[in-house]
Each structure stands twice: as C-alpha cells, then as structure tokens.
Amino acid sequence: MLFNSLHFLIYFFIVTIVYFALKHKLRWFWLLAASCYFYMAFVPVYILILAFTIIVDYFAGISIERAAPKNKKFFLIMSLVANIGVLCGFKYYNFLNEILGDLLGLAPIHNPLPILSILLPLGLSFHTFQAISYTIEVYRGHQKAERHFGIYALYVMFYPQLVAGPIERPQNLLHQFREKHQFDYARIADGLRLMLWGFFKKVVIADRIAILVNQVYDNPSAYTGLPLIIATVLFAFQIFCDFSGYSDIAIGAAKVMGFKLMTNFNRPYFAKSVAEFWKRWHISLSTWFKDYLYIPLGGNRVGIPRWYFNLFFVFLISGLWHGANFTFIAWGALHGFYLIGNLMLHTPLEKFYGITGLNKNGQFKKALQVTVTFALVRFAWIFFRAQNMHDAYYIATNLFNGLGSDLKNMFSDRAARNHILFLDKNPAVLWTGTGAILLMELAHRHMGNRSIAEVMAAKPKWQRWGIYYAILLLILFFGVFGQAQQFIYFQF
Amino acid sequence: MKKLFLNFIFLLLPIVLLLYWIPVNKRNLYAGLTGNCANHAIWIFDRLHNNPKNADIVFLGSSHTMNGIDDSLIENLLKNKEDILNMGYCQLGVDLYYSFLQELIATKHPKQIIIEVRGDENRYRHPIFPYLASNKDVLTAPLFFNPDFFSENYEHLYYKLETLHKMIFKETENDKIQIDQNFGCRNFPDTAVSEQLSIAKEKRLQHQKPESHFATWFYMEFPRSYYQMIGGLCKKNKIKITFLYIPSYGEPNKLPAELLTYKLYGNVLIPPSSIFENTNFWFDEGHLNQTGAHALSIWVARQLGKK
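For the protein sequence lines, the chains are G and Z, in the order given.
Positions 59 to 550 (this note's numbering) are the ones given, in order, by the first sequence.
Positions 6 to 312 (this note's numbering) are the ones given, in order, by the second sequence.
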C-alpha cells in the first residue's frame, strides 16, 4: 500500500478513527493488526520473514538481559546473524552469486549456484536495522528487554515507518506504545499538515520531475552535456522530495495518533560541507551507522589512517545497504572520499578563505560552500540513479560534452531547445517541476529552523486555510496520479 | 473530534465542488479511453460532433450490436433514405445508452433509436459511464440498488482530473479528428468452432437459476429507472424507441425477461431463432461474425422497411 494512493488514505482514516475509539489496552493490538495488513498489502507471504526476525529478536533481547555477562554476546551474535542473514539472503545473494560467477568464469569454472528469482521484501533494510538497534541497545544495557511480544512486534512493524523509516531506536519508540495518547486537536492538525506537505513534495515535485529524470537516465546515451546536467540536478531534488516526502507523511501519520518519530531530514542541500550534509540527510540512517558501526570501529579516536579507513568503510557499507549493485557501492565510496578529502583539505581551505578574504564575507563564503557541496553531492547522485556502472560512467564523463553548443542552440533552435532543455517532454513538465521546487525552497527559507507546526501556528487562520487550499489545489492540478509512483526508498 | 470533522468538511467540500466544475474538453474525455473497445469512444465522439452526416436511426447497445448490426448494409437496403448509425460500445450498461442518447440528441436529432436487449437485463452500470457522463448524470444516477454510486462519482472526478492533467501536459491521444468513417459496425469474418459454442450453451443452461420476484424487482429497479429516463427523453424529443433482441449463442430465454418493461416504451423486435441458432453465424459464443451480422442486418432492414 503506497502512501500516495487512495487505498492508503482510506486505510489511514479508518485506522486512526478506530485507534481513538478503542480503549487504551486494546490499541496496541489494533495498531499491530493494521500494520500487518499494511505490510501484507504488498506481498502477503513476506510477513513470515518479518515474523521470523521478530521472534528471534524478541527472545534474543530477553536472553541477553537474563544471561550472565560473558554469555550476552552469544545471544547478540545469534540475533545479528539471523537479521543480517535474512538481509543478505534476500538482498545480496544474487549480487554476490553473479560476482562469484564472473570470478569463476575467469578460471574458467562453472558456477554451481543458481540465480534465484526472488522479490526483495519491502523495507527489509529498514526494519532489519531497526530490529538490530533493539538487540544492540539491550546488549549495551541502554534498553530493557521488551517482555510484551505484541509491543515488540509493533516496534518493528509500526506501519508509518515500516517500509522506509525513519529507523527508530527502542529508547525513543518502545515506551510510546504504552503511553495513552489522547485525542488532541492541535497535535492531529500538526500531523495532518506535515502529511499534506509530504504529499506535495512527493506527488507534485518528485513524481513530476521523475518524468524528465527517467527520460534521460533510462537512455543516457541519447544525451550529452546540458540535458545530463539538468536531469542530474533534477534527480537531486527528486530523491529529496521523494524520500523526505515519505518521511513527512510517516512522521505526520504517527503524530496524528500521538507518536513522535525522529526527524529524518533537515534541509540537506543547504549543507556547507559533505560532512554536514550527512547530519541533515537521512538522519536516522546516518546516526545508526555512527552509533553501531563507526564508533565501534573506533570512530575518530584512532590514528589518522585508521580514522580515514573507518569513514570510508562506513560509507562503503552505507552504499551497499542501499542496494546490491556496484553503482551504490561507488556512490558510498565517493561519499567516503568526499569526507576524507574534507578532512584533509580543512586547513588548506581555511588558509585559502583567509588569503582571499572570504572569511570576511560570510554570506558569499556560505553560498560558495553550499554550491560546492551541492555540486559534489549531485555528482554522486549520478551513481545512485544510473542503472549500471556503464551508464554512470557515460553520464559522468559527458556532463560537459557539447555544453557550449547546447547553450547556443537552446536559444536559437526550437527543436534543439525541446531536446536540450525540456528533455523531449512537454515544456509544462519542466516548468511545473521547477516552479514547485522554487516554491518548496521559498517555504524552506521562510521556515528557517522552525517546524511546519510552529510556522503555521504563528499565522492567522485565513492565511493557514489559504495555504491548505493552495497546496491541495497544487496537488490536484499538478500532481502525478494514475498508477501511483512507488517511493524510491521502498526498494531498499 | 467534532471540530476536526467540521474543518475537514469545510476544507474538502469546496475542493470537491471545484472538481465537478473543472472545464474539461469533452473530446479529451472520449480520447482518454484509448485502448478500450478498439478506441471506439473517440470515433463515436467524432461521428457525432465532427462528421456532418446525419444519424436518423441509431442503434445503441453493447458489442453484440457493434458486431452484429451492419449499419452500412442497412442504409443501402433502405435505399439511403435514412442515415443509419451503429453506436454500439463494448460491455453492458443502460446508463451509458442514456448518456449517449443525450449526446445524440444534442448533435444529430435522430428519428428513432434501437436499443439492444438480451435474455436477462443487465443489473449493473456500464464501466465507462462515469468517464463520459455529465456531472448531472453522475450526481443524479439512481441510488436504489446502485452500489457503485459513490465509486462512480469518485471515478468521474478522478477521470476529469486525469484528463485535465493530460491537457495541461499535452499528453492527449487520438488528436486526429476521425471523420472519414461513417459507420460503427466492427466485426470479424472468422467462424467459431461449433464445440466451443456447444460448451458455452451448456454452461449457460447450467448457470441459469430462477430468481424470486422480490430479487427481480430489487435488481431491475436500476435499469428500469434508466429506461424510464430514456423513455421520457425520447418522448420529449419525439424519438421513436424500438428494442432489438440480440442474445448470446445458446441463450435459454427465447424472449427477453424484461419484455414487459420494454413494451412500455416501444416495440420489441425479436429476430428469428434461425439466425441465432446457426453455428456458422458466430465469431464466438457472444458475437456474430460478418455472415451472421449480414443475416441479422437484412432482417432488421426489412423490419425497418415495413414501417
């Protein structure tokens, strides 16, 4: 069930109404049943995989808590093996098998392992990481093992964040299932506003510009120069609006019922460095990697070479987490290099800012840093979006090929303009997409560091309603409907 | 909760009303059904709106009519005195005939309409009715035994919105006006395998279950109310109504079950069973082939000629 579908809207309405109508002691059961239905709306049988890991982790949590200190690790490893085993089995088996086949082919030896035609369970990487965080936190003694099986199952399966996060921590979420959430008009209105904003980002921006991005990335060899740059810049906004739109809907839906999920995005394209970008982008995943991989590896409290290795390794794994493809590994590796480069160039850059006087001109320096960071991040997105390394290489090496003639022809020749600027689609697609991006960025600028709830609360009622109507009309008239577009992160 | 509920209504009501009001080009609504029924919707639109040829006698019905009534042949047999039009459209639903009839009256002023009927009257809406019908028709559709009333309104608004999107982003299909084809008959020369027909006939006999008077009344209220509306519209515009029986192969009812209803509004033409029992006349168990259509059309032309 996709968030951007009528099915979901009806489901959400019924689940919420019944949730508030039920007595508190029954609510967990209702939410668990609703979450099961939500998950089973995709591929019903995959609920068994989820059930398996839930059972393993539930008992692992209790066993870790009860076990003598020297035995705790055994149960933790058992849980990690089960979770990562399922993840690898479904997500990486074919990928690793293909690599093995290629390597054996060099010998040449026939690869005896078959390629399996298995569909990746939705959100597997997300709920696996959430489950892992539970057992690790119990192992570390930061979280008590959950004795109520239903509540634990709900922690893993809570429908708003089941398939694409935010990846929650047990300390933040588990206790909320025991709290009684009252019907609070202000909170519900805040949640609904956030959902509306999420729908706008997904349906009006992400899905609209996806038409242009797909046009180029599905057949990149038909383009060089400016079209590749335009498609890549647009993809940066597409993925942001797609994923942060999903997160807004998830956080908003949870908020309506009284649950507080963690923030997942904080205007990432305003970051002044790649390191800062990762503090603003997919925050729940970055902090997960920081807490459960980077710091256990030693973090920055090691020698410089090891520190650089830790950074690089974490981003390599982060890339692999996103998908079983060399393109994702390359994307992760590129970000690893960026961060290492950021550290290595820190002192020379500060000197450069001092010599050029940029330190005195704060706004210009900030604009320069934001632009450079966005360019680096955008370049890395090429690998994330390309279907294979061949396409990624083609796009990366042809970004500036013929750029001069593109700029010249764009103004002189209508047919060329249609190909170069509008990417062989109706101009209305580009104008609508970019107009909506502009609107979103203006809204971001207006909001500053305040939340939507704070901004809206400060406005008079007529302005609030005007904004609701404007967003609803933009969604209706300029959104993409029909066959609901899947969220990009669902595949992970 | 009351405050939230009221705010929701205040927020959504104007939006829903606005959606009804959206000015969508009617041709685009018909063009959007590309892929359905061999793109026949856009042909019907252009035949009515862009083709100057009249339509004096019009056949309304399902694919039985579309395949089985050769409008060109009938026009020839009637010595071109009348302009004949086959407006059959795949699948059943008297609500669509009502919608087409209004379009027809607005553009061609027909003298007579001939509505296809079968052994059993269809009790449900036509699947494309909400796509082509006007706001008024969708909103005032009979509520009694119409389980699709609300979904129909939703589909109607959704399709209008979808069409508006296609207009904004210029993705409309079938932009070319089709004025070169005067006749709506679409059929095939092939003949069905007689075993296939026998199996279908057997199945029909097995599946026939007698229904109580209450159930018949209950389910028939929906089509009957449409026949009443069609009857009223035709009376107002002085259009003669005739019903034509075109069953599937092996139909156990030799007469339409709703014969008395049809007789309230016009004559009912029952073609000889020799046409429908001849296995060489069928393309499949539901549709006449070209030979069958030829035979039926000759018979229909004779009936029209008599009058």
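Careful: at least some of the hints might be erroneous.
Claimed, not checked - In silico lysine to any residue, SDA-like type, Cα no more than 25 Å apart, as pairs:
(1) Z:K8 / G:F432
(2) Z:K175 / G:L479
(3) Z:K8 / G:L479
(4) Z:K7 / G:K483
(5) G:K483 / G:M514
(6) Z:K7 / G:W439
(7) Z:K259 / Z:T221
(8) Z:K175 / G:I209
(9) Z:K8 / G:L64
(10) G:K517 / Z:T221
Hints are computed from structural coordinates only; laboratory data are not their basis.
It should be emphasised that the depicted structure is a prediction, and the values quoted were computed from it without experimental measurement.
Starting from Z:K7, check that the Cα of G:K483 is at most 25 Å away, please. It is violated: about 47 Å lies between the C-alpha atoms, which goes past 25 Å.
Does Z:K259 pair with Z:T221 here, judged by a C-alpha cut-off of 25 Å? holds, 18 Å
Does the structure keep G:K483 and G:M514 at a Cα separation of 25 Å or less? Not satisfied, since the Cα-Cα distance of roughly 36 Å exceeds 25 Å.
Between Z:K8 and G:L479, is the straight-line Cα distance small enough, at 25 Å or below? violated, 48 Å
Decide if the proposed pair is consistent with the structure: Z:K8 and G:F432, CA atoms, cutoff 25 Å inclusive. Answer violated: Z:K8 to G:F432 is near 44 Å, above 25 Å.
Is G:K517 within 25 Å of Z:T221, Cα to Cα? Not OK: G:K517 and Z:T221 at ~59 Å, beyond 25 Å, violated.
Going straight from one Cα to the other, do Z:K175 and G:L479 come out at no more than 25 Å? Given pair Z:K175, G:L479 holds - Cα atoms ~17 Å apart, limit 25 Å.
Z:K8 and G:L64 were given as a pair; does the straight-line alpha-carbon distance stay at or below 25 Å? Since the Cα atoms of Z:K8 and G:L64 sit roughly 24 Å apart, the hinted pair holds (cutoff 25 Å).
Starting from Z:K175, check that the Cα of G:I209 is at most 25 Å away, please. Status violated; Cα separation ~51 Å.
Hinted pair Z:K7 and G:W439, Cα distance within 25 Å: violated, 47 Å
Of the numbered hints given earlier, the model fails hints 1, 3, 4, 5, 6, 8, 10; all others are met.
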